[in-house]
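The chain contents come next:
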Amino acid sequence: MAEVVLKRIEKEYPNGFKAVHGIDLEVKDGEFMVFVGPSGCSKSTTLRMIAGLEDITGGEIWIGDRCVNEVPPKDRGIAMVFQNYALYPHMTAYNNMAFGLKFQKTPKDEIDKRVRDAAEKLEITDLLDRKPKEMSGGQRQRVAVGRAIVRKPEVFLFDEPLSNLDAKLRVSMRVRISQLHQQLKEEGQPATMIYVTHDQVEAMTMGDRICVLKFGEIMQVDTPLNLYNKPANKFVAGFIGAPAMNIVEAELISEKDKAWLKIGEFTFLLPEEKASKVKNYVGKKVWFGIRPENIKSFETNPNEENNYATGEVSVVEQMGNEEFVYFYMAGNQFISRLNPEKVKQISLRGSYKFWFDLSKCHLFDFESEENISL
Amino acid sequence: MKLKKYEGVIYILPWLVGLMIFTAFPFIASFLLSFTNYNLMSAPSFVGLDNYRTMFENELFKKSITTTFIYVFVTVPLKLSFALFIAYILNFKIKGVNFFRTAYYLPSILGGSVAIAVLWRFLFSDSGLINLIIGFFGISSISWLGNPRYAIFTISLLRVWQFGSPMVIFLAALKNIPESLYEAARIDGASKVSIFFRITLPLITPIVFFNFIMQLVQAFQEFNGPYIITGGGPLYSTYLFPLYIYDNAFKYFRMGYGSALSWFLFIIIMIFTLITFKSEKYWVHYDGGDE
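Here the protein sequences come in this chain order: A and B.
Numbering-wise, the first sequence is residues 12 to 385 according to this note's numbering.
Numbering-wise, the second sequence is residues 20 to 310 according to this note's numbering.
Any given hint could turn out to be false.
[To be verified] Only pairs whose alpha carbons sit at most 25 Å apart, straight line, appear in this in silico SDA-like list of lysine to any residue:
no., chain 1, residue 1, chain 2, residue 2
1, B, Lys81, B, Phe228
2, A, Lys29, B, Ile113
3, A, Lys142, B, Phe228
4, A, Lys142, B, Ile226
Don't read these hints as lab results, they were simulated from the structure.
Remember, it's a predicted structure, so these values are computed and weren't measured experimentally.
In isolation and in its complexed conformation, chain A is listed as follows:
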C-alpha cells in the first residue's frame, strides 16, 4: 500500500530537450490513475521515471514514505507491464512469472503458490508450460500482468499495455485489468495503479482519476466525468470525448442587455448563467466549444426561439444507435450527434436546421485557452 507523489519532477535529455516540465501529482493509495495524452506528451517518460528506468533531472518522487530518486527499480515496490509484453522469450510462462521472485529469495513453494494463484486469477493456468512464442498477443499480455501480480507490488505501472492488441481483445483486457484492481481491493491488498494510454476511451473507462498531459505538462487531473463536463482548458476539452468537442472561433457581443456569441453570420444567445461568468470578455474573441450531443435537431426543441442555425450537411455516419452528422456552418465544420429515432432521415449534402444547446457550451480564453465559463 503506497501513494505515489511527484514533486516538481523534470526530465531534460543531454541534448537539451526538456521532456517533462516540473510535474506535481499525488496518486492516492489504492487509486487507479491514468496518464493520457497525445504521442510525445511524455506520459511514458513520466511513468518510466516512477519505475526508475529513466533518471530524473529535477524534483522528487515519493513512493509511500520514501523518496525513491536514488532507489533502483527492483527496490521501489513496483511492477511494470510493458507495451510489447517484454516476456523473456526463452522461458515458459511459469518461469517468466517466477523469474523476479527467485531474485527475492522467495522459497520455492511460495513461488509456486503465487504463480499458480496469479495464473488462476488471469485464467492462464493451462499456458504455464508454454513459451511466449506459442501464445497469442492477449495471452502474452495476461502472462505479463501475471508477472506483475506475483511480485505483490505496492504500485502497478502499465505502459500502454493494450495498444498491441486488436480492438476486441483490448476491451476484454481493459475490463480484466479494472477487475483486477477491484479484486485486489476486496482481498484487502489494494494496489495503486498508474496506467499510461493514448486512448481516451481506455482512460475514461478505467481511471478513478485521469491526468491529461501535453508536452510534459499536466493539463488537468480529475475524475473522468469532471474532465468531460468541466474541462479546464481547450486542450482537455478537445482531447476527451469522441467524437471530439466542436471548438471554433467566436466573438462575444452584447445587445439588448444580453450576451451573444457571433460565429460568422450566426448569433447565439448565451444563457444568463453562462453570460454572467464571461462579462469581461464582451467585445473579445473567444473559443466556443460545444459537444456533438449538444447540437440537436431543430425538431427536438420546437419551443425554443433562439440558437437555430442551418448547416450544410457533408457526411452522415450511421452507427445504428446514433448518427454523427458532419456539417458546415459559417465556414467551420461541426459534428452533431443525433438520435436516429427522434429525427427524420437527414439527406446527405443538403441543408439542415440544428439547434445549439448553449447551456452546455464552454468558452475558452482566446490567448490562454483556459475555460472561462465554469
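Following the hints, complete the assembly by docking chain B onto the known chain A.
For chain B alone, coordinates are given in the frame of chain A:
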C-alpha cells in the same frame, strides 16, 4: 524461345564452371588420389587404404594432430569469448562507439593477410616491439617464437586477435534483443551478471552456435600464421595439421598421402560439427528474434 529456357543456366554458368573446376573436381580427385601413390612425375598407382594406415603410424602425424587440437580448443573459445565481450561493450550507448566498432573490426580485415603474419613475426621477434615494451617494465626478453612453450601461444594470439567478424555478428545479435527485456529484468531485480547469463546469453545462443561452428572449421584449417611466422617450429610446436598436409603434398610430392591427410582432416571437422549440431537442442534457444 528455346534460348529462354536455358537463359538462367547461362547466368550461373561462370559460377558453375568455377565450382566444377576449383571445388568439385579437386574434391573428387583428392578422394580418389588418397587411395594411390602419386608423386606428380609418374601416373598414380592404386595402393588401397595404405595411406590411411601409415598415417597413424607416423609420429609427426600424431604430434601435429595433438598440436592442432590444442590450438583449436584454446583459440576458438578464447576468440569467441573475447568477441562477445567486446561486442557487449560496443553495444553500450557511449560516445564515439562507431569509431571503436571500426577500430575493433579492422584487425580481422587485415588479420588473414600474409602481411600481418609478417608483422606478427616482427613484433614477436627476439628484438621485436613486444620485447621492447616488456623490457621497459624490467622484464627480460622472452623468445616468443624460439621457445616451443611460447611459440604456440604467439600463434594462438594472432587468431584470437582477429575476433572482428564474430564480434560484428555478436553485436548484431545483441542489438536484436529488445531493450524492454533488460528493463523488465531490472525491475525483477536481476543483477548485471544475472541479466547477462540468464537473458542475454540464452537469447544469442543461435549466434553463438553459428559462430562456434564457423570458427571451429576455420581454426582446424589455419595455415598462414604458423607457416609464415614459425614455419611450424620450433620443434614442431606450432606444426598445425594443414602444415603437415602441405609439407607432404608440396614439399615431398606425396600427393596420395597428402590427399588422404586432407580427407582425414575433413572427417575430423565433420565429426566435431556433427557433435555440435547434436548438442544444439540442449543449449540453443530459438525462441527469440521473431518479435
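Outcome of the hint check:
no. : hint                   : verdict
1   : B/Lys81 with B/Phe228  : violated, 29 Å
2   : A/Lys29 with B/Ile113  : holds, 21 Å
3   : A/Lys142 with B/Phe228 : holds, 21 Å
4   : A/Lys142 with B/Ile226 : holds, 20 Å
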